[in-house]
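Visitor: Given next are the chains, with one letter for each unit.
Protein chains: 2
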Amino acid sequence: MPVNLSAPVAQDLHPVAGVRIGVAEAGVRKAGRKDLTVFLLDEGVTVAGVFTENRFCAAPVQVCREHLQAGGAIRAMVVNTGNANAGTGADGLARARATCDALAGQLRLQPAQVLPFSTGVIMEPLPVERIVAGLPAALADAEEQHWARAAEGIMTTDTLPKATSRQVKIGGRTVTVTGISKGAGMIRPNMATMLGFIATDACIDPALVQPLVRALAGASFNRITIDGDTSTNDSFVLVATQRAGHAPITALDSEDGRQLYAALLAVAQQLAQAIVRDGEGATKFITVRVEGGKTAAECRQVAYAIAHSPLVKTAFFASDPNLGRILAAVGYAGIQDLDQTLIDLYLDDVHVAVQGGRNPQYREEDGQRVMRGSEITVRVLLGRGDAQATVWTCDLSHDYVTINADYRS
Amino acid sequence: MPVNLSAPVAQDLHPVAGVRIGVAEAGVRKAGRKDLTVFLLDEGVTVAGVFTENRFCAAPVQVCREHLQAGGAIRAMVVNTGNANAGTGADGLARARATCDALAGQLRLQPAQVLPFSTGVIMEPLPVERIVAGLPAALADAEEQHWARAAEGIMTTDTLPKATSRQVKIGGRTVTVTGISKGAGMIRPNMATMLGFIATDACIDPALVQPLVRALAGASFNRITIDGDTSTNDSFVLVATQRAGHAPITALDSEDGRQLYAALLAVAQQLAQAIVRDGEGATKFITVRVEGGKTAAECRQVAYAIAHSPLVKTAFFASDPNLGRILAAVGYAGIQDLDQTLIDLYLDDVHVAVQGGRNPQYREEDGQRVMRGSEITVRVLLGRGDAQATVWTCDLSHDYVTINADYRS
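As you go down the protein sequences, you meet chains V and A in turn. Residues 1 to 409 in the numbering used here are what the first sequence spells out, letter by letter. Residues 1001 to 1409 in the numbering used here are what the second sequence spells out, letter by letter.
Hint data in this document are derived by calculation from the structure and do not stem from the laboratory. Don't be surprised by glycine CBs; every beta carbon is placed ideally from N, CA and C. There is no bait here: all hints are sound.
DMTMM-like, lysine to aspartate or glutamate: derived pairs with alpha carbons at most 25 Å apart:
#1 V:K30 with A:E1365
#2 A:K1030 with V:E364
#3 V:K294 with A:E1053
#4 A:K1030 with V:E365
#5 V:K34 with V:D101
#6 V:K169 with V:D253
#7 A:K1169 with A:D1253
#8 V:K30 with A:D1320
#9 A:K1294 with V:E53
#10 A:K1030 with V:D320
#11 A:K1294 with A:D1386
#12 V:K34 with V:D12
#13 V:K30 with A:E1364
Here are some chain A residues the structure puts well away from chain V; computed CB gaps all over 12 Å:
#14 Q1167
#15 R1214
#16 S1254
Calculated Cβ distances over 10 Å to all of chain V for the following chain A residues:
#17 R1108
#18 P1127
#19 A1251
Given the sequences, and given the hints that come with them, work out the whole structure.
Guide: Structure representation (structure tokens):
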């Protein structure tokens, strides 16, 4: 059961001028399941992406990187679920390229103008012939209004589609930001078995789009974790269609730049948090905020130690304020000169530990009350400096085990 | 259900001259449960230990380090279960010291001659008055034959006591090595919620005992992981009673030294592996061997990435050869210049992946056959060098979640 997440309403998702989306059933995943999604991009759009840091990155990730580096105009993206085309060696690369070739042929583009994405089981050969056979139906389906369909089309173990949309005024014009994401397991930063696509019709210096997508990822998709497993296929792509008609943004720290960034970040964070809310077996949404570190990096390190700890996560599942497990995770996070006598711990507004020990005023029933909620903030004060970092995670439940023990069956 | 592990037979555990053990019920853990164990050491014994690297190390760990560094003759050790006395601040330290004071008083020793150990819930005040009240019963129980009772006395979520014993001939004399361990969750290297005590009557230069315990830990207790949580309380202590009557060992690389080391290592590895076999919810015992690395450290890094992956562990639980998850873990282990096209993967004798892709000869039913077993070896060849490393772990099952969601209730 997802945590405080509901399916997007199609009418709330504003189309982005210059982006059409088509969805089809190609039979890669299972019968009756939409598993093939095509994005068609008008001429003049700018595309940038960030991809998994997994050294076993999937064939489509390798091809995406190649095609983006080639610097040609990206005009189409194709996404299949049901098969990750990862751990597939040279043959997998050939199949990812064959997918691009087929779509390019039907659209009269060069193969390097197509970005491929795959998500699903690792180390199985991609059924490229089924994907190619499904392309005409996906192309025939292409419309600007199809963001909600796309959100469904890229789902794997997700229980709900994930999409959101915002509009802001820039230079007197309405600028739209609409995005979708998928992912529910094999989720940790850098990045997740996750795909994220955000498009905006904002007009922006093409050279700014790559730093922009990197900054957005760093504050959204790279701040979530479900099980600490970094996927082979993570991809997050930002499309700027340059169609809104305002004066182009030439600096991210301009007023227009900041406004656009805020809208993009709101969409990216909502999509990233939606992945955690729909985390495999999740029953709680947990914000881990670490303050008072010497650097943001060490705060993240502590936050991830807490967010990855199976013991902390099972305690949240049980609504059991067994909060010493959080202190233990802080202690093994890897800060060599950490002084435990400076550390305070809060659970929402409840002051649990002070100077490394139990707060004498702390009452078990207060911890219990917070633990029973479905949205919980863990706050750790390191007492070493002024840096801070936040990550989002979920609990570890029986259903996580069930889902991952049964994924292929 | 522990994996291929049975309770030790008391008669198989050879006593070690110079070590007497007494066990009692102090009411720290739960009614009717032996939760207090005392080791009494004769004059002239040498004691050395290694302790958790968790910066939130427990009060008893801090006191152990102090007392060992003080260099006095250690003559007693006291272990309670049911309460870790960790995350307890200055008050916790005072309670750990009070335990030592009480035992020292009854034995006419200095407090610094006592080592305290605690294991159990974190961040709860240690009921030191119950421990002190239980000491006379534990002392009255003390006998050389009580190793099996001690193995029971230190259990927490363990389902079976863990103990083993060996004898070797050194210099014409029979040398005994007997040890016990506990631990079933919050287990990862450096070290685990684990306690390990090994005693030998071997005669050995006291200066060698500390390097010896460190080497043993590095090849046994620091090579296991259950859930990747490093405990606040891990302690492994080696006692050499110097009573076997052979010429003292003055170098570990002498023939006698090697023989003793082999016997100690066999005991330490068996005790460490017993912890994994009794891992919370474990249904399989998994050996992860990584070969062909540039350094042993990078091999360990890859082995731990595999051994910690919840996705890999749930696949083992399901006996599902979803082996791409292993490749994914290899990929995110953090070796920046890893070349996926050099990597081979074996599951026992089955050659699953070759040059980073699925082996064309690999058949799903062969993977399935291996996965159904209860003892499985994962072998990864990195193709970068000659180093190798092995770690031992278990699967992640529903029972792990159940046990850790219910631990305090």
